[in-house]
Amino acid sequence: MTETQLGPTPSQTVGPFLHIGLTWPDGADVVPEGTPGAIRIGGVLYDGNGDPVPDGLVETWQADPEGRFDHPDGEASRGAPLVPGFRGFGRCATGADGRWEVRTVKPGAVAEQAPHIDVSVFARGLLDRVVTRIYFPDEEVANARDPLLAEVPAARVPALIARPTGLGELRFDIRLRGEGETVFFQI
Amino acid sequence: MTLSRPVGYRSAPDGTHPPLDHPDYRSTAPRAPSQPPIVLPHRLTEVTGPLLAGERIGERDHDLTTQHDGEALGQRIVVFGRVCDSDGRAVPDTLVEIWQANAAGRYAHPGDNWSAPLDPNFTGGGRVVTDSAGNYSFTTIKPGAYPWSNHHNAWRPSHIHFSLFGRAFTQRLVTQMYFPDDPLFAQDPIFNSVPDPKARQRLISTFDLAATRPGWALAYRFDIVLRGREQTPFEEPHD
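Residue numbers (UniProt numbering), protein chains in the order written: chain A, 1 to 187; chain B, 1 to 239.
Hints were generated in silico from the structure; no laboratory data involved.
Owing to the predicted nature of the structure, the values given are computational and were not obtained by experimental measurement.
Careful: at least some of the hints might be erroneous.
To be verified - Between beta-carbon pairs, the in silico distance windows are:
#1 A/E179 x B/W216: 43 to 49 Å
#2 B/P19 x A/R156: 18 to 24 Å
#3 A/P72 x B/S11: 20 to 26 Å
#4 B/L73 x A/A150: 54 to 60 Å
Stated by the list, open to error - Here are some of the chain A residues that sit facing chain B, going by a computed Cβ distance under 10 Å:
#5 R133
#6 E140
#7 P147
The beta-carbon is built from N, C-alpha and C at its ideal position, and this holds for glycine as well.
Please model the entire structure based on the sequences and the hints provided.
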């Protein structure tokens, strides 16, 4: 079987000028403006020196509030969209201050997993994307049972849980390297 | 609970993707994570992904030479190819985004301070969706090489940035396409960050005389291979 397989195309960095190709006017809108129950999730992308990364891109992918995906492989969990205009996907380039933010709704639990958002980070100096997950602070019971969090050393779990910073506002900083380094996953 | 572990996607063979920590490319030092990544077994969130198609595409997004009042300067080229997975199966209806420097090697970007001229008729961003057989095609100009500060007398070989979604979060790929026989390959730490020399060759497009548009544009073929499934799921009934 392996001999008939084609070699995958290697990854390369997005470089510093990714904005020309990868920014959309509505990139950060996982749900449209005015969506009831919308929340804002964002933070700062930091490098290993503790400096903000001004030329990165954060992308998010998540289930809808019922834990469903509008995708053929999510067939069993599919249904009429609960949230009009829900895209599931968000993308936000970091600003000069390293900040990124998306507008979304909280995802539902997906099978036995706690509610979560998959995240890709791209930047100059990253030869491949790095992948992490955002979990929610008000899901203590579900988080404690989550099969992926169970694989993460306890001391590093807090780095995967967003912090509430206001009504409908969550903060999730991403530290690429060094103290408080975000947990990254190999997928 | 039976649905919690769908069929995942195969990892690329060792040496396919660059290591995050690659000292020859200096910017990796402060940005590459120091801890090894934790394995994330593929579940529903990973085997699904945004199926972004035509709604993202503007009228001139496939032709970077005609996005302004005048024509872009430089050597007109067609860049085309097929997107498939490592089993050779076409990846249809998937968004392909590109960006590049102009013919002089300058990006239309406020962060690019190189003194090469800007071209008011070239922005350098393009977007298409693959057809039902996984094929895509752009018309653009050949980007120029440009110097950067990575090491003494460092120059990036001509390249076009590519971004692909595939059909699943796991298939997401951002890469760069290069041109055949570029004398700058040997000194470029980004191109050479790919450990396996054979995998590295897959970043280089091929000149395709048959696809050339006579009297108009040269043509380069760049086929892109995304990860395939771990094992073939049972065939679904045909549409």
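Could you work out which of the previously given hints the structure breaks and list their numbers from low to high?
1, 6
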